[in-house]
Amino acid sequence: MFILRLFILCFPILGCVLATSSYAQNDFSYQVSYLKEQTNQRLSVEEVSQMFESGEGTKSDTGLLSFGVGSDPGWVKISVNNPTEHAIGQRLTTSVTWVNYLELYQVDANGNIENRSAGDAYPRTKEIQPSIGITFNVQLPIGESEFYIRAEANDPIVMPIQFLSTEDIADNDISKGILYGVLYGILLTLLGYNLILYRSLKQVNFAYYSIYIGSFIILNTGYNGYLFAWVHPDNFLLQNYLTLNMMVVHSALGLVFSLKFLDVKRHKARLIPWVFSYIGIGLAAILTSTLMGWHLVAVFIAFAYLGVSTLMMVILGLLHLTHVERANYFVIAVSMSMFGLFATAATNAGVIPFTYFGYHAAEYGVLFEAVVLAYLLSVDLKIKENARLRAEYLAAYDPLTNLLNRRSFFTFACKKIRQHQDNGMPISLVVLDIDHFKQVNDTYGHDVGDKALIHITGLLKKNIRQEDLIGRFGGEELLILLAKNDCTQATAFTERLRRILENSPLEIGGISINLTASFGVVECINKASIDEMIKRADALLYQAKENGRNQVVSASIAEELVTTR
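Following my numbering, the numbering of the sequence shown begins with 68 at its first residue and continues without gaps.
Calculated from the structure, these hints are not laboratory results. Quick reminder that beta carbons are idealized off the backbone N, C-alpha and C, glycines included. Heads up, some of the hints might be wrong.
What the hints assert, rightly or not - Once the Cα atoms are required to be at most 25 Å apart in a straight line, the calculated SDA-like pairs of lysine to any residue come out as:
1) K126 <-> V136
2) K327 <-> I278
3) K269 <-> N239
4) K602 <-> C481
5) K483 <-> D598
6) K451 <-> L268
7) K518 <-> Q488
8) K612 <-> K451
9) K327 <-> I348
10) K193 <-> F119
11) K103 <-> H362
12) K518 <-> E544
13) K126 <-> V112
14) K327 <-> A237
15) K482 <-> C554
16) K594 <-> G577
17) K327 <-> E452
18) K518 <-> K529
19) K335 <-> L354
20) K451 <-> E544
21) K449 <-> G491
22) K193 <-> N302
23) K551 <-> H513
As the list claims (entries may be wrong) - Derived Cβ-Cβ restraints for the label pairs, each shown as a range:
24) L363 <-> E114: 23 to 31 Å
25) L378 <-> R457: 20 to 28 Å
26) E123 <-> E181: 39 to 47 Å
27) L354 <-> N93: 20 to 28 Å
28) P340 <-> W361: 25 to 33 Å
29) D514 <-> A462: 21 to 29 Å
30) N148 <-> I180: 34 to 42 Å
31) H334 <-> P572: 51 to 59 Å
32) N182 <-> I399: 44 to 52 Å
33) K482 <-> R455: 44 to 52 Å
34) H390 <-> G244: 54 to 62 Å
35) E114 <-> G244: 35 to 43 Å
36) R474 <-> S267: 21 to 29 Å
37) S344 <-> T233: 49 to 57 Å
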């Protein structure tokens, strides 16, 4: 929990530091304005220039532009004033990486026009930089100059206009690299760790989680242009539809994970057919629109499906608050993801003003969700492991005395006897019975009898060695296996135990109850089995009782009896 809280505290701080990186003050000034093509006919630079001159453009104070989904091509005018006595080199970021067609026109004071083109509809060029956008290296001439940018895309047109100097480029790119290194590093670590847990433990929750997180990594690397740069730089069709399809696939996998994590089959099974029907409809819809080339339809399906699916995950969590432990954490995690996805979708769609936090909100939300869900899975694993250990303990130990039960004592004793026999070391077995235990029960009650048994076993555990074994054979009869002890040594050791019991009465309710025990001790020779040793020691114990109780009778197998008191 401490690590989770530390992550929740530190990651937003890291994001703030990276997002608010300060750059050197520009030696020039610029003004950004924009407009959309309102006709079906493409406008020329001259026509667009006249439209801006006539006041048809809209000024932007931030230069962070979003034209929305299904938008007509957008035009951006950047008016630059360089008051220095030399040209200034800058990197101009014009748009995000998924814009299909982007054209940059630079007009100098003499009216000369330089035209450059880029976009993911062309084979990948150096202008498309993953996680940064479509950039151009430009020279700002002395005095006034203008840039015109035309952007056309089937997806939302997002244009965060930014000038950076050569020095600031390194800081900006390093910051972005750190941010995405942290993001993908954490997600890949969680993915790999949970895959290992699945392989080791065969618990499908870990597999579903890994697949869910893996789908987001594919979605996000496509969204930020990494896949286009590294995997399919020449495949325009894949670039156009991969991210949209992964939005639907990621949503569907999130719902499948939710069904499994919340154990919906157990608590609200009637919801499962509805959820799977919804999943099937979404997958069929995005596949059909992709195969038919209905890109705008695919865009609306992907964005709507992602939002509705995340909302459904929240609703599923709310419905299971009273049924599933820690469902409240699940709701918090998925809600953070939902708010992040909504913020990013609204930013890209132009519903809310573009901000870097809004643009990256989905990544923050999903990362928060991934870490919290991984924490919940680890807690669930810990609970199951504790339950397993508890079950193993109850199967191996006597619940009253916390001694090994008969079956477990036999298992461990056989191994220890075999080990001593193979190494030629002596080993002895002690069988003891509490004297007049029935009388204690009859006189003081079974509750006091239980306390007497606990008292005796506590004394024995405190006074035997670490390498010895002690277990409850049944009733008031106990077994002790003395390692590396021959008959003489075991007899002396057992006699010391007898005296300790004799001199340690049970004090309860102002009453002192004297307790003693009778002992039978046998040394294992000639590879005798545990059953043979118990049978012989039990006979010696019976002899001790016949002799008057509170004494030790010992022998090696097939030897004469030795009695001590």
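How the hints compare with the structure:
1. Pair hint K126 plus V136 holds up; C-alpha atoms about 21 Å apart against a cutoff of 25 Å.
2. At most 25 Å may separate the alpha-carbon atoms for a hinted pair to count; K327 and I278 meet this at roughly 13 Å.
3. Only pairs whose Cα atoms come within 25 Å are accepted, and K269 paired with N239 is rejected, the gap being roughly 44 Å.
4. For the proposed pair K602 and C481, the alpha carbon gap of about 15 Å is at most 25 Å, so the pair holds.
5. The straight-line distance between the Cα atoms of K483 and D598 is roughly 14 Å, inside the 25 Å bound, and the hint therefore holds.
6. Under the criterion of a C-alpha separation no larger than 25 Å, the hint pairing K451 with L268 is consistent with the structure, at around 11 Å.
7. A C-alpha spacing of about 37 Å is found between K518 and Q488, which places the hinted pair above 25 Å, so the restraint is violated.
8. Between K612 and K451 the CA atoms are separated by roughly 47 Å; this puts the pair beyond 25 Å, and the hint is violated.
9. In summary, the hint linking K327 to I348 is supported, as the alpha carbons are separated by about 20 Å, within the 25 Å threshold.
10. Of the pairs offered as hints, the one joining K193 and F119 is violated, with about 30 Å between alpha carbons and a cut-off of 25 Å exceeded.
11. Annotation: proposed proximity of K103 to H362 holds, straight-line Cα distance about 20 Å (limit 25 Å).
12. Among the hinted pairs, K518 with E544 is consistent with the structure: their alpha-carbon atoms are about 15 Å apart, no more than 25 Å.
13. Using a Cα cut-off of 25 Å, the hinted pair K126 and V112 holds, with the two alpha carbons roughly 18 Å apart.
14. Between K327 and A237, the direct Cα distance comes to roughly 45 Å. Violation of the 25 Å bound is thereby established for this hinted pair.
15. Restraint check for K482 and C554: the C-alpha separation of about 20 Å stays at or below 25 Å, so the hint holds.
16. Proximity of K594 to G577 is assessed by CA-CA distance (about 49 Å); at most 25 Å being required, the pair is judged violated.
17. At most 25 Å may separate the alpha-carbon atoms for a hinted pair to count; K327 and E452 meet this at roughly 19 Å.
18. Of the pairs offered as hints, the one joining K518 and K529 holds, with about 16 Å between alpha carbons and a cut-off of 25 Å not exceeded.
19. Our distance criterion of 25 Å between C-alpha atoms is broken by K335 and L354, whose separation comes to about 30 Å.
20. At most 25 Å may separate the alpha-carbon atoms for a hinted pair to count; K451 and E544 exceed this at roughly 34 Å.
21. Between K449 and G491, the direct Cα distance comes to roughly 43 Å. Violation of the 25 Å bound is thereby established for this hinted pair.
22. The straight-line distance between the Cα atoms of K193 and N302 is roughly 16 Å, inside the 25 Å bound, and the hint therefore holds.
23. For the hint pairing K551 with H513, the CA-to-CA distance comes to about 37 Å; that exceeds 25 Å, so the pair is violated.
24. With their beta carbons about 26 Å apart, L363 and E114 fall inside the hinted range of 23 to 31 Å.
25. Separated by about 39 Å at the C-beta atoms, L378 and R457 break the suggested range of 20 to 28 Å.
26. The hinted range of 39 to 47 Å is not satisfied by E123 and E181, whose Cβ atoms lie roughly 24 Å apart.
27. Look at L354 against N93: about 48 Å separates their beta carbons, and that is not inside 20 to 28 Å.
28. In this structure, P340 and W361 meet the distance hint of 25 to 33 Å, their C-beta atoms being roughly 28 Å apart.
29. A hinted range of 21 to 29 Å holds for the C-beta pair D514 and A462, which are about 26 Å apart.
30. Judged by the Cβ atoms, the range 34 to 42 Å given for N148 and I180 is violated: they are separated by roughly 19 Å.
31. Hint check: H334 to P572, Cβ distance near 55 Å, so the stated range 51 to 59 Å holds.
32. A hinted range of 44 to 52 Å for the beta carbons of N182 and I399 is consistent with their spacing of about 51 Å.
33. Between K482 and R455 the C-beta distance comes to about 22 Å, which lies outside the given range of 44 to 52 Å.
34. Checked against the hint of 54 to 62 Å, the C-beta distance between H390 and G244 comes to roughly 44 Å, which is inconsistent with it.
35. Checked against the given bound of 35 to 43 Å, the beta carbons of E114 and G244, roughly 41 Å apart, stay inside it.
36. A hinted range of 21 to 29 Å for the beta carbons of R474 and S267 is consistent with their spacing of about 28 Å.
37. As the Cβ distance of S344 to T233 is approximately 56 Å, the hint placing it in 49 to 57 Å holds.
Hints 3, 7, 8, 10, 14, 16, 19, 20, 21, 23, 25, 26, 27, 30, 33 and 34, counting from the list given before, are not met by this structure.
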